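*Asks:* Residue strings, one per chain:
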Amino acid sequence: MTQAQRLDSGGLIDRSKPLRFTFDGKPYTGYAGDTLASALLANGVRLLGRSFKYHRPRGLIAAGSEEPNALVQLEEGAYTEPNTRATSVELYDGLVATSQNRWPSLEFDVGAVNSALSRFLPAGFYYKTFMWPASMWMTYEKFIRKAAGLGVSPTEPDPDVYHSTYAHCDVLVIGAGPAGLAAAAAAATSDARVMLVDEQSVPGGATTGRTLSDAYTQWFEQSVSQLHNNDNVTFLPRTTLTGYFDYNYLTAVEKITDHLGPGRGADKPRQRFWKIRAKQVIIAAGSIERPLVFADNDRPGVMLANAVDTYINRYGVLPGNDIAVFTNNDSAYLTALNASANGAKVTMVDTRKSVNAGLTSACEDAGIKVFTGHAITSVQGAKGVSSVRIMPLSDDSKSVAGQAWEIKCQIVANSGGWTPSAHMFSQSGGKLRYDNAIHGFVPDMSKAKSINPNVSAGACNGSFSTAKCLQEGSQAGVAAAAACGYQSTPGALPAVEEDGLGGIEAMWLVPTVHPVGEGSAKHFHDFQNDVTAADIHLAAREGFLSVEHLKRYTTTGMATDQGKTSNLNALAIMADIRGAQIPEVGTTTFRPPFTPLTFGAIGGQESGELFIQERHTPMHGCHVQSGAVFEDVGDWKRPWYYPKAGEDMHAAVQRESLAVRQSVGMLDASTLGKIDIQGRDAAAFLEMIYTNNWKNLGVGRCRYGLMLNEHGMIFDDGVTTRLADDHFHMTTTTGGAARVLGWLEEWLQTEWPEMQVYCTSVTEQWAVAALNGPRARELLQSVTDIDCSAEAFPFMSMREGKVAGIPARVFRISFTGELAYEINVPARYGRQLWQALQQAGKAHSLCLYGTETMHVIRAEKGFIIVGQDTDGTVTPLDMDMDWIVSKTKPDFIGKRSFVRSDTNRQGRPQFVGLLTKDPQVVLPEGAHIVAEVKDAPPMKTLGHVTSSYMSPNAERSIALALLNNGLQRKGDTVTIRLMNGDVVDAIVTDPVFIDKEGVRVRG
Amino acid sequence: MDNLAIETPLNAQLHSIEGLSIKELPICAKVTVRGDMPALSAAIESVTGLPALMEANTCTTAAANTLYWLGPDERLIYSEDPTAETLVASLREQLPAGQSAVVDVSDYYTVIQISGVKARSVIASGTPFDVHPREFKPGHCAQTRFGNASILISCREGDTFDIQVRWSFAEYVWKYLCRVGGYV
Amino acid sequence: MFIIDCPYCGKRDQTEFSCHGEAHIARPTDTQNLTDEQWGEYVFFRSNTKGLHRERWVHTHGCRRWFNALRNTVTDEIFATYRVGEVPPGAAESQP
Ligand SMILES: [Zn+2]
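Same order as they appear, the protein sequences are chains A, B and C.
In terms of numbering that gives the first Met the number 0, the first sequence opens at residue 0 and continues consecutively.
In terms of numbering that gives the first Met the number 0, the second sequence opens at residue 0 and continues consecutively.
In terms of numbering that gives the first Met the number 0, the third sequence opens at residue 0 and continues consecutively.
Extracted from the complex, chain A is given alone in its bound form (with noise of 0.2 Å):
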């Protein structure tokens, strides 16, 4: 395939390096340098894509990341990635590329059909036809979406790595324009460590591919490679600057392997989130050309001025042989004068009547004909622009009458002014103006934020000749590190002509032969979205009239492109049609990103096992060996239950649950918190922050305490052991360690400094192994030399000692009524522990047991689980614990709120067990006990179920429950709807179910 637009030479591409590559399954061929845009420009294609909502044939607009139509499915399979912008795409060999938003072809798409009937599409549309009946809308939800979805997104894992990292820096200049690399090379003459970012592969911005001058081209060599090897530079090209958030943190995506193609980047990450800490930031961000909204200017073919320099300056195409310039300013003269020494035929088309003679008289010595006072009225070609047709424009512009002309061309190049790109400066808080000289918002100083510290230079300030760009941006450099307490000592910048926007005469709506939404044309401001001047009238008619409104109605603005093309457009049609200042209209607030990133490089490294981190205890191993299968507590793994072969879930569970009662079994408590308390005022400060009396507590005892909020609800629980008079060892739920300790610390820093208690968390310190059921002691017995008799190790006391050789503390305490130990060893010799146990358990008939038994043992003895039963609104009483709530101590945290009336009130929920009738029944947990049953929800609810199993040693189903006024109903028969329907009747009852008057735990 010939490259037809392709010039013979000039651009920085290299024609010895043809890479081939396709589109919409053609092959052609480009050459390295070139991105995806300028290769199939050269091949003379066109028409990318189709538009949003009309579907309507599109083409190139720009060259840069403000591209609004040209959105591409690049790759496929597990590679594939939707809506990229065909101007960000480096060229790699063998690229694969497919047009979007089309079915089932780009040159037939059914759904132009949309375009036929837009009247009936206008701005708010959806908001009007689809919103009733409200039932309806999942239905046309779907419809709408696949009529007008952009491209489609993977659905296989990512197979690409990526790397998010931090980073600190004195001075962050954003853009490698002139300004930005003259900000940085005069920071990086100072000893501040400076990092300079940039979107594109080379640095130069607007000047890429320009030649200005020769003392231009050695200070820009010459800085470059100045830049690259300063060792205080990180030099970032590929690198978009996403955020801008408070406190100078940016975030920025480097691309580090797209270039290469899919797969090709080796072991390498695709793109880097950097995370960046700036004292200092410089924006030199650049300006955004804007177009002219003129008749059906969204004809493939009509493209920004700046975007036709810059494929012939950088990538060596001509975009078409005839080319009409349409503009409002001088800066598009350069683009005529350019395109007509590259060999096109060139119309110039004006809309000021008087225009510098020296520009006007350059296209004459060149063969370009100008017309002023002139607008183009209609663009000719569906798929591709024929012609243009030109008429004079009235005294006030405001209309155009007399005679038309007609002329041919495949490339309408506008320019209706620039923007400044102040996108990073409205995100790091400061507030635009509004500057008549050029016609745009650029950032006002005195209205930036002072958290922020950051400057504007060049043209994203709106200084957009290059030889300003340097000047301003030296300055900043200078000032920047100086602020940092660095000293610069820039070099002198080179000279350079004048260049930049010259005059401009605003010209927001061009006029045709039809006022605006009548006829058959249509004035695109906002591309990406497809909305038209006329939906701006509309809006106004219905009164939406603020920008913020404005945008939400018509959804201008609101696309992936953020209105970098279009919103000043916006603004400025809806001012003229208020007859308001465009500032009155207001100003878009810019957000990030700036450019759409991918989810990998935000989530960097941190995906699969480092996405969330898996907390392991010392017996892990042991757990793998043993067959365990795991469960999620908090962050850990903990051992759910051990299946024997052929057994599932319900079996091992059963028999685990069995095992305990009936011989001996061992569970890894590890995780449980531990927090090491010493310190004289320990006692005082435990009778605060628990609900009972601790101050009686014997050396060596262990006693069961809850935890409220000041609110009085329960919020955590544990056992606490008095190892000196000063000297305590607490433990809190596995999933409430960190909250606890936490809530300690705020209470002993915070309010009662004067206390001397120190709390230091202990929890991996100990490795835990809990033996229980009636063998324990004789199994603990044979590797201890504690005495473990009755007499000489009672319940709830605390013995050290050697089990199995290693040093431990023995805790006589048990979650489960029966006989048991807690026996923790320094974690080092947790495994060592676990493997002796194990051994010696088997002549003890030892049973390996998890999580699910745990709680099936414990739901039998109706203890509590913080969280499960409770839900942080019941207090001690509901739960029917007031025997562990002191009734002599003067207060504790929470006691005040018992006496509530809230607290105290008749019918609050409270603590029961339920006995299913049908014993087999095992009700589901979440299930609500109902008042009466109906058909259909809603249902008045008493209560909800809290814990459900089924009770091998009770053997039958049990359940715990909170019901209203539960404590008064045991004995009644309460109702309980399932989801499914099903209704079960249940029998309130003592949540205790197993062993009652407790004699097991004493024995």
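Please note that a few of the clues may not be correct.
For each label pair, taking beta carbons as the anchor points, the in silico distance ranges come out as [said to hold, decoys possible]:
no., chain 1, residue 1, chain 2, residue 2, range
1, A, I611, C, E76, 32 to 38 Å
2, B, N10, A, A723, 31 to 37 Å
3, B, K136, C, E76, 30 to 36 Å
4, A, A644, B, E92, 55 to 61 Å
5, A, V623, B, P37, 47 to 53 Å
6, A, A789, B, L52, 48 to 54 Å
7, A, G626, C, E76, 34 to 40 Å
8, A, T559, B, L24, 28 to 34 Å
9, B, L24, A, D266, 26 to 32 Å
Below are the DMTMM-like pairs computed for lysine to aspartate or glutamate, each with C-alpha atoms no more than 25 Å apart in a straight line [unchecked claim]:
no., chain 1, residue 1, chain 2, residue 2
10, A, K888, C, E40
11, C, K10, B, E134
12, A, K888, C, D29
These aren't lab readings, by the way, just hints derived from the structure by calculation.
Remember, it's a predicted structure, so these values are computed and weren't measured experimentally.
In this text, a Cβ means the ideal position worked out from N, Cα and C, and glycines have one as well.
Fit chains B and C with the ligand to the supplied structure of chain A, relying on the hints for placement.
*Replies:* Positioned in the frame of chain A, the structure of chains B and C with the ligand alone reads:
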């Protein structure tokens, strides 16, 4: 007890690629000490010989002991002894009763040492704390975050760093360091 | 994303800290003799200030000390951080 094998969460693993070496250090005695100054610093100094009235976020080593600043009333002592019993006992002896805490945390933490020219970039991947050589020098330490784990990081020399992490997070931090090592 | 100046450790990233709401709310001492209204005021009500706000922070991933910050809730500018027990900056002027 002498015949008991000591285990650590990473079993002294070693990961080595060009420009980067990551290894778990052998277990050592670690003791957290809390209490009011200057009694606390006097006790620490008499037991370890190390000055404990130190600048925030610094550490200092002498002979077999290293002392870390953890907070205004908190220090951490490493000793090359495998167990902390002696250290704990001598500190308790020196400190005013009831007004301080001495806690054995030898097994609570493990220490991963990371060194090589890539080390700082690897650490910067997971922590928002600035480890640039200008900011983070030998003798500096910091408690901060690495991924989702709390860590105590200290600069031993040049490009060698110790990362102290809780036992249960050790595998996570290890995998994180190794994975990122291939990316920087 | 703030930078917070821990009074003990110096400037650190916000993700090392947790915020725990309004500062200088003392727990009543004689709790059992308070009316429901007085107790409710302590437990449930906060000033929800727009503008300068004194709030409690804890250096969770750092020194684990609690301290207070004076922050403008509109601009997120943190004017000062100070230790528990210290007089808040500007308190003398703002007290009636
Ligand atoms: Zn701190």
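*Asks:* Hint by hint, say whether it matches the structure.
*Replies:* Going through the hints against the structure:
Distance hint for I611(A) and E76(C): a CB-CB separation of about 34 Å, consistent with the stated range 32 to 38 Å. At roughly 35 Å, the beta-carbon separation of N10(B) and A723(A) lies within the given 31 to 37 Å, and the hint holds. Remark: the range hint 30 to 36 Å for K136(B) to E76(C) is upheld by a beta-carbon distance near 31 Å. Between A644(A) and E92(B) the beta carbon distance is about 57 Å. The supplied range of 55 to 61 Å therefore holds.
Taking 47 to 53 Å as the suggested C-beta distance range, the pair V623(A) and P37(B) conforms, at roughly 50 Å. Between A789(A) and L52(B) the C-beta distance comes to about 52 Å, which sits within the given range of 48 to 54 Å. Taking 34 to 40 Å as the suggested C-beta distance range, the pair G626(A) and E76(C) does not conform, at roughly 57 Å. Distance hint for T559(A) and L24(B): a CB-CB separation of about 49 Å, inconsistent with the stated range 28 to 34 Å.
Taking the beta carbon of each, L24(B) and D266(A) are about 28 Å apart, inside 26 to 32 Å as hinted. Proximity of K888(A) to E40(C) is assessed by CA-CA distance (about 23 Å); at most 25 Å being required, the pair is judged to hold. Under the criterion of a C-alpha separation no larger than 25 Å, the hint pairing K10(C) with E134(B) is consistent with the structure, at around 12 Å. As the CA atoms of K888(A) and D29(C) are separated by approximately 13 Å, the hinted pair is consistent with the 25 Å bound.
Against the hints set out earlier in the document, violations occur for numbers 7 and 8.
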